[in-house]
Amino acid sequence: DAKTTQPPSMDCAEGRAANLPCNHSTISGNEYVYWYRQIHSQGPQYIIHGLKNNETNEMASLIITEDRKSSTLILPHATLRDTAVYYCIVRATNNNDMRFGAGTRLTVKP
Amino acid sequence: GAVVSQHPSWVICKSGTSVKIECRSLDFQATTMFWYRQFPKQSLMLMATSNEGSKATYEQGVEKDKFLINHASLTLSTLTVTSAHPEDSSFYICSARDAATGDSPLHFGNGTRLTVT
Numbered sequence: 001d002a003k004t005t006q007p008p009s010m011d012c013a014e015g016r017a018a019n020l021p022c023n024h025s026t027i028s029g030n031e032y033v034y035w036y037r038q039i040h041s042q043g044p045q046y047i048i049h050g051l052k053n054n055e056t057n058e059m060a061s062l063i064i065t066e067d068r069k070s071s072t073l074i075l076p077h078a079t080l081r082d083t084a085v086y087y088c089i090v091r092a093t094n095n096n097d098m099r100f101g102a103g104t105r106l107t108v109k110p
Numbered sequence: 001g002a003v004v005s006q007h008p009s010w011v012i013c014k015s016g017t018s019v020k021i022e023c024r025s026l027d028f029q030a031t032t033m034f035w036y037r038q039f040p041k042q043s044l045m046l047m048a049t050s051n052e053g054s055k056a057t058y059e060q061g062v063e064k065d066k067f068l069i070n071h072a073s074l075t076l077s078t079l080t081v082t083s084a085h086p087e088d089s090s091f092y093i094c095s096a097r098d099a100a101t102g103d104s105p106l107h108f109g110n111g112t113r114l115t116v117t
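Chain order of the listed sequences is G and C.
Residue 1 is where the first sequence starts when you use this note's numbering, and the numbers rise one by one after that.
Residue 1 is where the second sequence starts when you use this note's numbering, and the numbers rise one by one after that.
Hints were generated in silico from the structure; no laboratory data involved.
Check each hint, because a few of them may be wrong.
[Stated by the list, open to error] In silico SDA-like pairs for lysine to any residue, Cα to Cα no more than 25 angstroms straight-line:
1) C:Lys41 / G:Gln42
2) C:Lys20 / C:Val62
3) C:Lys41 / G:Pro110
4) G:Lys109 / C:Gly16
5) G:Lys3 / C:Leu46
6) G:Lys109 / C:Lys41
7) C:Lys41 / G:Ser9
8) C:Lys64 / C:Arg24
9) G:Lys3 / C:Gln60
10) C:Lys66 / C:Arg24
11) G:Lys3 / C:Glu59
12) G:Lys69 / G:Asn54
13) G:Lys52 / G:Tyr32
14) G:Lys109 / G:Glu58
15) C:Lys41 / G:Pro21
16) C:Lys66 / C:Arg113
17) C:Lys41 / G:Glu55
18) C:Lys55 / G:Arg91
19) C:Lys20 / C:Thr101
Remember, it's a predicted structure, so these values are computed and weren't measured experimentally.
Could you build all of it, start to finish, from the sequences and the hints given here?
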């Protein structure tokens with residue numbers, strides 16, 4: 001059963017912020033929200049994760065709603081190299097594995 | 001940062017032969033590693049969980065006798081595709097988590113593209 005729902009595709013203009021939504025309405029209290037991306041023919045790359053507070057690192061920001069039922073990954077200034085499939089995954093700390101949904105294919109256009 | 005290395009990055013083999021893929025954690029120890037398979041235009045599908053010093057746990061529908069997994073050390077897991085057939089052609093990806101840190105993300109290798117002719 002899919003734990004997350006993401007739009008299949010999105011476009012973004014180069015230099016603009018890319019906001020990628022993710023719904024996880026059945027998330028449990030001990031489950032984190034993780035974001036990865038996969039550029040064509042490469043392994044997934046870790047971006048960011050969070051539990052309930054908003055998080056920011058050098059790659060992106062993660063905004064989690066107060067009820068934790070949805071989140072948004074923000075790439076503040078998208079570049080052409082950010083074109084990839086972005087995966088939102090929920091995972092409990094006591095679970096080792098990570099299961100991928102269909103993700104969102106983000107295309108950054110010049 | 002943590003690095004997971006896979007080898008080879010691509011391999012072509014004849015139908016009926018076996019292929020071994022290695023997954024190494026380069027700067028951390030991993031008691032558990034994971035193997036995924038990805039067909040074109042599809043997402044990653046978890047195949048099995050590889051546990052150091054014990055038997056792997058396979059997902060439903062994955063044949064354990066066909067996809068042999070060995071996790072002999074804290075930094076190496078291998079996946080052997082036995083008696084490969086063209087339908088086994090796929091992108092195989094491994095991942096690992098640093099055993100020393102509690103809540104840490106999985107780190108992924110760059111994948112192995114297997115083509116069976």
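Do the hints match the structure? See the list:
For the suggested pair Lys41 (chain C) and Gln42 (chain G), the alpha carbons sit about 13 angstroms apart, so the restraint of at most 25 angstroms is met. Straight-line distance between C-alpha atoms of Lys20 (chain C) and Val62 (chain C) comes to about 17 angstroms, which keeps the hinted pair within the 25 angstroms bound. At most 25 angstroms may separate the alpha-carbon atoms for a hinted pair to count; Lys41 (chain C) and Pro110 (chain G) meet this at roughly 24 angstroms. For the hint pairing Lys109 (chain G) with Gly16 (chain C), the CA-to-CA distance comes to about 44 angstroms; that exceeds 25 angstroms, so the pair is violated.
The suggested pairing of Lys3 (chain G) with Leu46 (chain C) holds, with an alpha-carbon distance near 15 angstroms, which does not exceed 25 angstroms. For the hint pairing Lys109 (chain G) with Lys41 (chain C), the CA-to-CA distance comes to about 21 angstroms; that is within 25 angstroms, so the pair holds. Pair hint Lys41 (chain C) plus Ser9 (chain G) holds up; C-alpha atoms about 13 angstroms apart against a cutoff of 25 angstroms. A distance of roughly 21 angstroms separates the Cα atoms of Lys64 (chain C) and Arg24 (chain C); the hinted pair therefore holds under the 25 angstroms criterion.
For the hint pairing Lys3 (chain G) with Gln60 (chain C), the CA-to-CA distance comes to about 18 angstroms; that is within 25 angstroms, so the pair holds. Pair hint Lys66 (chain C) plus Arg24 (chain C) holds up; C-alpha atoms about 21 angstroms apart against a cutoff of 25 angstroms. For the suggested pair Lys3 (chain G) and Glu59 (chain C), the alpha carbons sit about 17 angstroms apart, so the restraint of at most 25 angstroms is met. At most 25 angstroms may separate the alpha-carbon atoms for a hinted pair to count; Lys69 (chain G) and Asn54 (chain G) meet this at roughly 14 angstroms.
Distance restraint check for Lys52 (chain G) and Tyr32 (chain G): the Cα-Cα separation of roughly 8 angstroms lies within the 25 angstroms cut-off, and the hinted pair is therefore satisfied. Simply put, Lys109 (chain G) and Glu58 (chain G) have alpha-carbon atoms about 22 angstroms apart, close enough for the 25 angstroms limit, and the pair holds. Of the pairs offered as hints, the one joining Lys41 (chain C) and Pro21 (chain G) holds, with about 21 angstroms between alpha carbons and a cut-off of 25 angstroms not exceeded. Among the hinted pairs, Lys66 (chain C) with Arg113 (chain C) is consistent with the structure: their alpha-carbon atoms are about 17 angstroms apart, no more than 25 angstroms.
For the proposed pair Lys41 (chain C) and Glu55 (chain G), the alpha carbon gap of about 30 angstroms is over 25 angstroms, so the pair is violated. Distance check on the hinted pair: Lys55 (chain C) and Arg91 (chain G) sit about 23 angstroms apart at the alpha-carbon level, within 25 angstroms; holds. A C-alpha spacing of about 29 angstroms is found between Lys20 (chain C) and Thr101 (chain C), which places the hinted pair above 25 angstroms, so the restraint is violated.
The structure shown violates the earlier hints numbered 4, 17 and 19.
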